[in-house]
Amino acid sequence: MAQVSLEGIRKVYPNGYNAVETTSFNIRDGEFVVLVGPSGCGKSTLLRMIAGLEDITEGVLKIGDRVVNDVDPADRDIAMVFQNYALYPHMTVRKNIGYGLKNRGIPASEIDAKVQDAAKMLNLTEYLDRKPAQLSGGQRQRVAMGRAVVRDPALFLFDEPLSNLDAKLRNQMRIEIKALQRRLGTTAVYVTHDQVEAMTMADRIIVLNAGRIEQIGTPSEIYHNPASTFVASFMGAPPMNLIDAQVDQGQVRINGYNRVMPAPAAHSGPVTMGIRPEDVTLNADGDIRFHVDILEELGAHRLLHGAIADQPFTVMVNKDHAADIGETGISLKPDALRLFDMETGQKL
Amino acid sequence: MKRAGFDNIWLPVALLLPQLMIIAIFFYWPAGWALQSSFFLQDPFGFGSTYVGAENYTSLLGNDQYKRIAWFTVVFSVLVTFFSLAIALLLAVKADKVLRGARTYRTLLMWVYAIAPPVAGFLGILFFDQSTGPLTKFFQMFGWDFKLGVDYNATATAMVIVAVWKQIPVNFIFFLSGLQSIPRSVREAAMIDNRSATGRFWQVTFPLLAPTAFFLLIINITYALFDTFGIIDALMKGEPGNNPMTLVYKVYIDGFRGNDLGGSSAQSVVLMALVLILTVFQFRLLERRIHYT
Amino acid sequence: MADTTLETPAVIPHRRKIRWGTVGDHAVLILGSLLMILPPLLALTTASHDAVTIHREGLQLTLGDDLGKNFHAAMFEKGGFTQTVDGMLMLMNSFILGVGFAVGKIVISMMAAYAIVYFRLRFATLAFWIIFTTLLLPLEVRILPSYEAIQKLGLTNTYTGLIVPLIASATGTFFFRQFFMSVPEELAEAARIDGAGPWKFFVDILVPLSQTMIAAIFIIMFVFGWNQYLWPTLITTDESFFTLVRGIKQIVLSYTDSQIPEHGQALALAIVAMIPPVVIVVFFQNWFVKGLTESDK
Numbered sequence: 001m002a003q004v005s006l007e008g009i010r011k012v013y014p015n016g017y018n019a020v021e022t023t024s025f026n027i028r029d030g031e032f033v034v035l036v037g038p039s040g041c042g043k044s045t046l047l048r049m050i051a052g053l054e055d056i057t058e059g060v061l062k063i064g065d066r067v068v069n070d071v072d073p074a075d076r077d078i079a080m081v082f083q084n085y086a087l088y089p090h091m092t093v094r095k096n097i098g099y100g101l102k103n104r105g106i107p108a109s110e111i112d113a114k115v116q117d118a119a120k121m122l123n124l125t126e127y128l129d130r131k132p133a134q135l136s137g138g139q140r141q142r143v144a145m146g147r148a149v150v151r152d153p154a155l156f157l158f159d160e161p162l163s164n165l166d167a168k169l170r171n172q173m174r175i176e177i178k179a180l181q182r183r184l185g186t187t188a189v190y191v192t193h194d195q196v197e198a199m200t201m202a203d204r205i206i207v208l209n210a211g212r213i214e215q216i217g218t219p220s221e222i223y224h225n226p227a228s229t230f231v232a233s234f235m236g237a238p239p240m241n242l243i244d245a246q247v248d249q250g251q252v253r254i255n256g257y258n259r260v261m262p263a264p265a266a267h268s269g270p271v272t273m274g275i276r277p278e279d280v281t282l283n284a285d286g287d288i289r290f291h292v293d294i295l296e297e298l299g300a301h302r303l304l305h306g307a308i309a310d311q312p313f314t315v316m317v318n319k320d321h322a323a324d325i326g327e328t329g330i331s332l333k334p335d336a337l338r339l340f341d342m343e344t345g346q347k348l
Numbered sequence: 349m350k351r352a353g354f355d356n357i358w359l360p361v362a363l364l365l366p367q368l369m370i371i372a373i374f375f376y377w378p379a380g381w382a383l384q385s386s387f388f389l390q391d392p393f394g395f396g397s398t399y400v401g402a403e404n405y406t407s408l409l410g411n412d413q414y415k416r417i418a419w420f421t422v423v424f425s426v427l428v429t430f431f432s433l434a435i436a437l438l439l440a441v442k443a444d445k446v447l448r449g450a451r452t453y454r455t456l457l458m459w460v461y462a463i464a465p466p467v468a469g470f471l472g473i474l475f476f477d478q479s480t481g482p483l484t485k486f487f488q489m490f491g492w493d494f495k496l497g498v499d500y501n502a503t504a505t506a507m508v509i510v511a512v513w514k515q516i517p518v519n520f521i522f523f524l525s526g527l528q529s530i531p532r533s534v535r536e537a538a539m540i541d542n543r544s545a546t547g548r549f550w551q552v553t554f555p556l557l558a559p560t561a562f563f564l565l566i567i568n569i570t571y572a573l574f575d576t577f578g579i580i581d582a583l584m585k586g587e588p589g590n591n592p593m594t595l596v597y598k599v600y601i602d603g604f605r606g607n608d609l610g611g612s613s614a615q616s617v618v619l620m621a622l623v624l625i626l627t628v629f630q631f632r633l634l635e636r637r638i639h640y641t
Numbered sequence: 642m643a644d645t646t647l648e649t650p651a652v653i654p655h656r657r658k659i660r661w662g663t664v665g666d667h668a669v670l671i672l673g674s675l676l677m678i679l680p681p682l683l684a685l686t687t688a689s690h691d692a693v694t695i696h697r698e699g700l701q702l703t704l705g706d707d708l709g710k711n712f713h714a715a716m717f718e719k720g721g722f723t724q725t726v727d728g729m730l731m732l733m734n735s736f737i738l739g740v741g742f743a744v745g746k747i748v749i750s751m752m753a754a755y756a757i758v759y760f761r762l763r764f765a766t767l768a769f770w771i772i773f774t775t776l777l778l779p780l781e782v783r784i785l786p787s788y789e790a791i792q793k794l795g796l797t798n799t800y801t802g803l804i805v806p807l808i809a810s811a812t813g814t815f816f817f818r819q820f821f822m823s824v825p826e827e828l829a830e831a832a833r834i835d836g837a838g839p840w841k842f843f844v845d846i847l848v849p850l851s852q853t854m855i856a857a858i859f860i861i862m863f864v865f866g867w868n869q870y871l872w873p874t875l876i877t878t879d880e881s882f883f884t885l886v887r888g889i890k891q892i893v894l895s896y897t898d899s900q901i902p903e904h905g906q907a908l909a910l911a912i913v914a915m916i917p918p919v920v921i922v923v924f925f926q927n928w929f930v931k932g933l934t935e936s937d938k
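Going line by line, the protein sequences match chains C, L and H. Quick note on numbering: the numbering used here labels position 132 of the first sequence as 132, and the sequence is numbered without any gaps. Every position in the second sequence, counted from 1, becomes a number in the numbering used here once 348 is added. Every position in the third sequence, counted from 1, becomes a number in the numbering used here once 641 is added.
Pulled out of the complex, with its shape left as it was, chain C reads as follows (with noise of 0.2 Å):
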């Protein structure tokens, strides 16, 4: 078990590509952290050069109290659940969970026992004879952890360990992993693209973007303080409204309605404002016209999608309230609204 810490780490491809922007970061002992981003954000790139597989161009890794940027992977006690999981498909699943045991020189007795503990942990111990092919989906993943899991390794790294199953599937393992990881405390670095994971299993998120950090919390400071509009429209489903606003003398209008409201932050001038499709309430009185277009039935919830002032706008209610396509008003409760700077997009 073991800290991570990242202090200007950089990443340049030979081909002069900025994967990563010089990025500082700590990770706590027995702490599960969640990279996401979308694709080619660099989260990946983040995580291979934790692992060692890629070079770091700049800057200094530790893992634990020792720096490890000159390390071979092999000795950085590490373990990492690929997103194919990466099975050796000529070996069994004993020989494929032990081999990393194997060359660490533990002898064979010790391998077996360690083997079939993990493979007891993951349900896996009826088919512990059997070759990466013959086993579904699902199966393949928990062979990938238990690969990890054997080596008591003090850091886990995760590359999109889930984003080759099922929707059911996923959510079930979701939940395995993290209980896993609780029960072990072991470090962990999970990387994903998948927003619902990310809230889900983190203890804190590092939001990803162009190869630069967008933001760093816990899930609830995430979602319901975004650092920026991409992490806004990026973090929750549907992702937080934006729209075009005024801040005059700490009030904030919407364009084109009068209304106006306390503004959260010291500001003048046009900006952009955020609020949560939940902290929106249909009042058919409400000065905010709100036109729906279509109706998303969700089961425990409805999402109306529609527009205010002509920029898109949902809206989403509980079940048992009523809604229906056409005009009607709105009203927006005022410690939910967020307002972000309108060209760099930061939070004021």
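It is worth saying that the hints were derived from the structure and are not from the lab. Take the hints with a grain of salt, since some may be wrong.
[Said to hold, decoys possible] Which stretches of chain L does chain C cover? Using the computed rule of at least three CB atoms under 8 Å from a CB of chain C, they are: (1) 531–537; (2) 547–561.
[Unchecked claim] Examples of chain L residues toward chain H, derived with CB under 10 Å: (3) Leu359; (4) Pro366; (5) Ile370; (6) Trp381; (7) Ala443; (8) Ile473; (9) Pro482; (10) Asp493; (11) Leu524; (12) Leu583; (13) Asn591.
Just so you know, even glycine gets a beta-carbon here, dropped at the ideal spot from N, CA and C.
With chain C's structure known, arrange chains L and H on it following the hints.
For chains L and H alone, kept in the frame of chain C given last:
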């Protein structure tokens, strides 16, 4: 056959006809005829032939010269297969590893594929020339009086070297494509599991390459048996004499120079049997290949 | 934004260490490349010298003055190796064999593969086995009876006799069958719904879809045909049908025979025999490699 097949009758027949006709005339007829004439003894003056049963075969198997040629063919095939596979594997592993110039290396290492075997044999003649050949001089440095076309072992050595040289590109192409089809993440997982590069190669990369290697084994044996004809013919410069030769070359010599039709046909049939065995072996291996995917 | 420290950190620039492993990799590859390149290259430099020098000193490392002269003589002068033809005619024959074989093979095997894969035929399986048995026996094994067959048909010293028997094997059919099997089923279904009959489907959809495969197969087959040696040696005794590779035999004989010491010309002709297939393989190597590695799987 596809689920959504067309029901037309005459179109497929018309489509198949050219291929079937060519095969019937130029494959089944000659092959059957070879089988038949292997049981006959051709009159040396061309006046008919007599049925001799299995005599052509028994005299073949009792023939010391034939046995010697068969033995040479085995040794030749083993050496050519082993060296061309080993060298090609080494080069493919390196070419797969380097980042800079990978494409240039690939081109340089594969282009010899396009050179015809007899042309390769002709290049061999230049290098093994009795008075001026650089490789002749090389062997003479070790006290070996290397005489191509005169000394049996010298000619055999030249044949093996040229045949290996000509076959490296094919093996290289297949090994490289085999290496490149191993998922990157599997190799990366191995990097985390094993710090020794040699260990990783033999425990992970090589087993995953084994299907390619088995397949190439068959290809190389077939090559050594049949496709080296041009090399052998060029290197012995049209004078069989005391020179080493393979079984296929013997079929050619007996059939076209010696006019021993029955004997040559019997040899053809023996070769056919050999190829059939190799093919069965290959299909067995093909079945094994599937298990990895 | 508290945690995203973007100020300049303690920078450790990546050390530019010499990786001896990589140096070793390149050394092996350079050595291997030299091994493959040097023999033909030396043949080329040697071909630029006069006959006496080559006869006396063998392979030459440097370029001499007679390159143009030797190539000109090899290509345009009758006599020397063969008494009745010059290099140009042999070059033309080689192209006829290479292109004729490749085109014939592709047309015939594509049609057969289409019939086998896309039609519900009672004897499709039988046809399949009849065709694929030919994969088992290469021409070299049945060379003598094949020769007899050609002779009985009176096809010796004809382009037909040269090309058609070489087509009598299933390699192309096997390849196209594999490819057609990998084409999504829905395509044929969609075409039928769009009103395309079997012939229209073949011409409008399957053939255009196979373009890359056809190109790959063409390269492999062209090289295969161009490089044929044993069969042309038997079938063509009339020198006006000689291909370059067939002519190598004459070159070899003349090279060893001190009576005709035209070594420079012999080398020039051998080089001309190499150039077209080498150029095709090098320039279309992506298609070629794809065709080679996929056809045999």
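Comparing the hints with the structure gives:
no., hint, in the structure
1, 531–537, "holds (count 5)"
2, 547–561, "holds (count 6)"
3, Leu359, "6 Å, holds"
4, Pro366, "5 Å, holds"
5, Ile370, "5 Å, holds"
6, Trp381, "5 Å, holds"
7, Ala443, "6 Å, holds"
8, Ile473, "7 Å, holds"
9, Pro482, "6 Å, holds"
10, Asp493, "17 Å, violated"
11, Leu524, "8 Å, holds"
12, Leu583, "9 Å, holds"
13, Asn591, "13 Å, violated"
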